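Chain by chain, the residues run as shown.
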Amino acid sequence: MPLSTRHLLGLQNLPKEDIQLILDTAHTFREVLERPIKKVPTLQGKTVVNLFYESSTRTRISFELAEKRLSADTINFSVSGSSVSKGETLKDTMKNIEAMKVDMVIVRHSAAGTPLFLTKICNSNIINAGDGPHEHPTQALLDMYSIREKLGRIDGLKVCIVGDIAHSRVALSNIFGLLTMGAKVSVCGPSTMIPRNIKDLGLDVIYNIDEAIQENDVLNVLRIQLERKAREYFPSIREYAKYFGITQDRLDKNGKDILILHPGPINRGVELSSEVADGSNQIILYQVTNGVAIRMAVLYLLGTLN
Amino acid sequence: MKLILKNVNVFHPIENIDEKNISVFLVDGKIVKLSSKIGKEAEGAKEIDLSGKLILPGFFDMHVHLREPGREDEETVISGCNSAANGGFTAVACMPNTEPAIDSAEVIKLIKDQAKNHLVDVFPVGAATLARKGEVIAPMAELSEAGAVGFSDDGVAIKNASVLRRALEYSKMYGAPIIEHCEDESLADGLMNEGTNSTMLGLAGLPSVSEDLIVSRDIMMADYTGGRVHIAHISTKNSVELVRQAKKRGINVSAEVTPHHFTLTDDAVKSYDTNFKMNPPLRTQEDVNAILEGLKDGTIDCIASDHAPHSIEEKETEFQFSPNGIIGLETQIGLTLTELYQKKILTLNQIVEKFSYNPRLILNIPIPQFKEGELANFTVLDIEQIWTVNISKFKSKSRNSPFDKRLLSGKSIAVINNSRMYYNGEFTSI
Numbered sequence: 001m002p003l004s005t006r007h008l009l010g011l012q013n014l015p016k017e018d019i020q021l022i023l024d025t026a027h028t029f030r031e032v033l034e035r036p037i038k039k040v041p042t043l044q045g046k047t048v049v050n051l052f053y054e055s056s057t058r059t060r061i062s063f064e065l066a067e068k069r070l071s072a073d074t075i076n077f078s079v080s081g082s083s084v085s086k087g088e089t090l091k092d093t094m095k096n097i098e099a100m101k102v103d104m105v106i107v108r109h110s111a112a113g114t115p116l117f118l119t120k121i122c123n124s125n126i127i128n129a130g131d132g133p134h135e136h137p138t139q140a141l142l143d144m145y146s147i148r149e150k151l152g153r154i155d156g157l158k159v160c161i162v163g164d165i166a167h168s169r170v171a172l173s174n175i176f177g178l179l180t181m182g183a184k185v186s187v188c189g190p191s192t193m194i195p196r197n198i199k200d201l202g203l204d205v206i207y208n209i210d211e212a213i214q215e216n217d218v219l220n221v222l223r224i225q226l227e228r229k230a231r232e233y234f235p236s237i238r239e240y241a242k243y244f245g246i247t248q249d250r251l252d253k254n255g256k257d258i259l260i261l262h263p264g265p266i267n268r269g270v271e272l273s274s275e276v277a278d279g280s281n282q283i284i285l286y287q288v289t290n291g292v293a294i295r296m297a298v299l300y301l302l303g304t305l306n
Numbered sequence: 001m002k003l004i005l006k007n008v009n010v011f012h013p014i015e016n017i018d019e020k021n022i023s024v025f026l027v028d029g030k031i032v033k034l035s036s037k038i039g040k041e042a043e044g045a046k047e048i049d050l051s052g053k054l055i056l057p058g059f060f061d062m063h064v065h066l067r068e069p070g071r072e073d074e075e076t077v078i079s080g081c082n083s084a085a086n087g088g089f090t091a092v093a094c095m096p097n098t099e100p101a102i103d104s105a106e107v108i109k110l111i112k113d114q115a116k117n118h119l120v121d122v123f124p125v126g127a128a129t130l131a132r133k134g135e136v137i138a139p140m141a142e143l144s145e146a147g148a149v150g151f152s153d154d155g156v157a158i159k160n161a162s163v164l165r166r167a168l169e170y171s172k173m174y175g176a177p178i179i180e181h182c183e184d185e186s187l188a189d190g191l192m193n194e195g196t197n198s199t200m201l202g203l204a205g206l207p208s209v210s211e212d213l214i215v216s217r218d219i220m221m222a223d224y225t226g227g228r229v230h231i232a233h234i235s236t237k238n239s240v241e242l243v244r245q246a247k248k249r250g251i252n253v254s255a256e257v258t259p260h261h262f263t264l265t266d267d268a269v270k271s272y273d274t275n276f277k278m279n280p281p282l283r284t285q286e287d288v289n290a291i292l293e294g295l296k297d298g299t300i301d302c303i304a305s306d307h308a309p310h311s312i313e314e315k316e317t318e319f320q321f322s323p324n325g326i327i328g329l330e331t332q333i334g335l336t337l338t339e340l341y342q343k344k345i346l347t348l349n350q351i352v353e354k355f356s357y358n359p360r361l362i363l364n365i366p367i368p369q370f371k372e373g374e375l376a377n378f379t380v381l382d383i384e385q386i387w388t389v390n391i392s393k394f395k396s397k398s399r400n401s402p403f404d405k406r407l408l409s410g411k412s413i414a415v416i417n418n419s420r421m422y423y424n425g426e427f428t429s430i
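Same order as they appear, the protein sequences are chains W and G. Position 15 of the first sequence, counting from 1, maps to 15 under the working numbering, and the rest follow consecutively. Position 382 of the second sequence, counting from 1, maps to 382 under the working numbering, and the rest follow consecutively.
Simulated from the structure, these hints should not be mistaken for lab results. One or more hints might be untrue.
Reference listing, derived: stretches of chain W covered by chain G, where coverage requires no fewer than 3 residues with Cβ under 8 Å from a Cβ of chain G [as the list claims (entries may be wrong)]: (1) 88-98; (2) 104-116; (3) 129-140.
Just so it is clear, the structure is predicted and the values come from calculations on it, not from any experiment. Backbone N, C-alpha and C fix where the C-beta goes; we use that ideal spot for every residue, glycine too.
Pulled out of the complex, with its shape left as it was, chain G reads as follows (with noise of 0.2 Å):
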């Protein structure tokens, strides 16, 4: 079909388009033309008008728990798809941490025989380690011939140095990256941050320098194999600074932040509202000062949720027994634009890198072109729409958001993507 995306702004840096008030003419969700005239060509095109609003190329999240196999009732392929595209992305990787484990080709294959017809592509990131137990190296060949782009052990470490070692070398074959989640196992016996907070809370503590121990380690691997490391979900100022320095030195590291590390701290655990408990915790203002400053001057090359679904009934019960981890797809685009964007501490063009560039390029995913026969890959936002997050609203399966009741301003009011729309709340072919 015919589609015509009137009046909208087009903005795309690295192809040098930043248009002003186009119309973009598309044809079985592919493009055809960007422009401020569209002739006769388009006769009988359906017509959206999207005045004021902005098109990038399609907002990537790079760290997503989707839970199937093991935990539908949490989330699916599909849900999470649904969630994802009702918060402005087109596609996602999704972490390993299923049960059983992303460590054989059928996994993969299930997985994206769930996504196969959806407007959001889903990328597999493989096990790192067998069943993530950190002993044996999963089958990276294989995972990667089945479509993984990264590998991972997330929600721990890779469990020592010398698997580490082994999985960097190997993965290095693919020119995939080793994902971290960067924590000492004999310091992780904790339920928040250690600092004051955790002190006057009687809740054991996550110390940062647990973080930065395995930055470190993995920085130095990185160095010494010549593999590639991807700091997952960073949170610690050392470990800012850790990145910067490796990066200076040519190190092979990339990093991401959340959203929830750099618009709380852990005063909002004083309330033991497991909303609040995720891994990394939430740290200090002195943490989120030198995150902000790491997002502003390249050393986190992405943003990315974590978005990790959990049962009502297991979220809602004593802090020590809530899983961590909150969803994020849904409000991180408005989190981002509200307290990034809208408080210039980045500009446009960093917030395109850092959800649409930065995570294709460390998973060597191609990068949406806006070419002429090319299929549509769209983000469009609304950058001055003021919202309020209701979480009754999110098409997640679960619930588990410190973020309802938030305002918000600035949105993601439809994506393009695989000749579908996600718009008004309704996907549609085009």
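Just chain W, same shape as in the assembly (with noise of 0.2 Å):
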């Protein structure tokens, strides 16, 4: 059976069957992953494109190394060094690039929609890799694919997610994707980062961070971008840390064995307390693996329907 669409934009509109073989499919690569020759020639002949507008470290390296696992001929285009400085409007960065006869483009971009927009003016493949603060479907791919690895299942678990969520496209992918595959989820964080129409999405707010802990199988903890404008929505890092920082205080407490995800990098002593982010109960590395057997599922599921 192959995915109902031939982009992956975002999970908001991903029908769950699709979301099912993406985690199923991840779930073979995973195993490639653990071989001592960890390359397939699945995608032999295919070119992919990495287009990052916005700089990134591990979702870039991670979708690399899934190309060249599955036996891609790959291309990075970072946004120093290209023909953007120069002025080109995207549009035509994108016509050049295809006209070199490239069959997929994986796109990061600070613009929201900028993926969707790339399917009107071209014919590859596109892979949304975070568009502003939109969707980073393949983070919350890889996120539900720890949980249901860790839980045996993602329907009727209790999901929160943590930190800022009106600036995260890491929060809206994921509340999408675990509405479609049945979760309960809520969001945690200083209400000014709490969209105020987000229940209009079907999610519970939650305002206390040990109610969080107490009422969740899992939280999913966001970076708190310290460097951007996020900074202005809460009064001190120190007031941040001291009532929604997860400290194991705060864990043993609430006396819960709880999974706590984080999609890094991590700010130490902020959102989580080195304490927790080496403990027992995150699974941040484990993520970080998964990430490059769900992007090789994408990009396999995505490469071979033509």
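Assembling the complex is the task here: the two chains are given apart, and the hints tell you how they should meet.
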């Protein structure tokens, strides 16, 4: 059964069957990653462009590794040192890249909706690697995969997303994906960082982190983007860490075995204490490994459609 | 020359004219007779049969951007006037956010000169403050003398209450309104209406309260100074209510709405199509309903296009980087007739008020008279004509319209003014 779409733009409208298929396919690739020789010839002869208009370390490496392990040819395009600095429009850049006969484009961009825009101007398969504060579907897929592996299911689980919900593409993709897969989703964070209409999406809002710990099976803790405008939304890092940071004491006090995810990179001592970031509840590096398998699955499923 | 417009209906309610199936006899563009019997005097006249069509006092769009001087690649005074004529307008008021801004008599003269021989009359709106920076009020006396009919920092609101106060007090001497783009600068950092859709689309929100705050401020200040405020492109439910209450209290405030704000909601932005990006942004159905109510009960005085031409390359881009605005001169009558007249929200009388009388009353411009000896200033509608919008046929230089391929019922088929006629896509002297 193939995917119902030829692009992966987000999880908002992705049917349950598609998500299921990606997670199941990732499971087979996860196995490949454990082999001594971690390469399969699946996408031999296919050319994949990593079009990164925004800096990224782990997502980009993860995609590149996934592409290489599927034997695709990869090209990296990043904003500095490209035609963008000369004022070329995105459309022209994309048309030029496509004229060189590529098959798939992985795009990261600061502007929401850019991946959808690309589907209208070119024929390649487009995979969204993060578009502004909109979606980051492969991150949410790897989060869901990790949860499913650890807890055996997603359906019926209580998952709380903690942090800056209003400016997070990880939050939005997780919300859409988890709801589709039958989880009960809530969000927790300072009220200034939670969109005022969030309840329209079918979520509960929690302002107390202890309550969030008590009531959920999984916490997906977002990175507080200290370098961005986010700082205007709460009084100080100290106050954030004190009232929303997850510490071992908090976990112990609430006496619960809870699974903690974090998309990285971590601000130690802010959203997670070091003890928690390295502790037994978290699966942060496990998520990173699964990320390669998820991206292999997406590349494989889209790359073998045509 | 002599011209007879035959078998036409003529409607001009404030002159108590509501004639069916008569003939209009013009000589050199001036009205000689409106009658079912035109006699010998018309011998040799050119005749145009307008059976079933409707002549109204020329329509006036009080909010357009002609882009000249500065962005003549997007629109010029001439191309904008052509667009207006094709859309059914005999006059426009053009906004001062040109480059340089309309803050000196020289720029007004330049625009007036460009429009001099056109069918469409162009009335410039002067900047309210120098270079629209919101710091020092513009030379309103000189601008008025040169022909400015109102003052505005359109694109933004006048920056602070103290400058607004001075602008209202000073403009009062010349009877000209301050036309305000109502948006609180500190809340203006967004790309679409703030709501469920903006959350789902990952686009920063422009909250409706940002408009409401400035509408409130401006109403209070109009009350305090006795000046006159015109609310441009009203878009929110609360703003409509604020204007309604202010009018009840006798405060000198008027308001306009664009056709896109009564036909579309922020659902349209789901496509990330930049032709749905404008400021004020498309709002919710609740806001649209309030606007329809405001149009009905007279809270909203006029319909204006906020015609905002942008180049293809500027609009064909990431949503975030696209400029705000759409062109509207050539679709607004069709949209109004389709969405307001055919759906019985507004009567024909109200449509004439909102397109012809009220803009002129607000800007102190005489309303065209259908009397012997007067220059004919007509908009001719075919209310029943079903047509499909085709942006490639627009007279505007720009193409940024979200209404391409939309089926509309009702169209302007001709305009007459300044002894010229625009009919069948051509200008002729009459």
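*chain G covers the region 88-98 of chain W, three or more CB atoms within 8 Å, holds or violated*: Three-residue rule met by the region 88-98 of chain W, so holds; n is 3.
*Do three or more residues from the region 104-116 of chain W put their C-beta atoms closer than 8 Å to C-beta atoms of chain G?*
holds (count 7)
*How about the region 129-140 of chain W: do at least three of its residues have a C-beta closer than 8 Å to a C-beta of chain G?*
Coverage by chain G holds for the region 129-140 of chain W (5 residues, Cβ < 8 Å).
No hint from the list above goes unmet by this structure.
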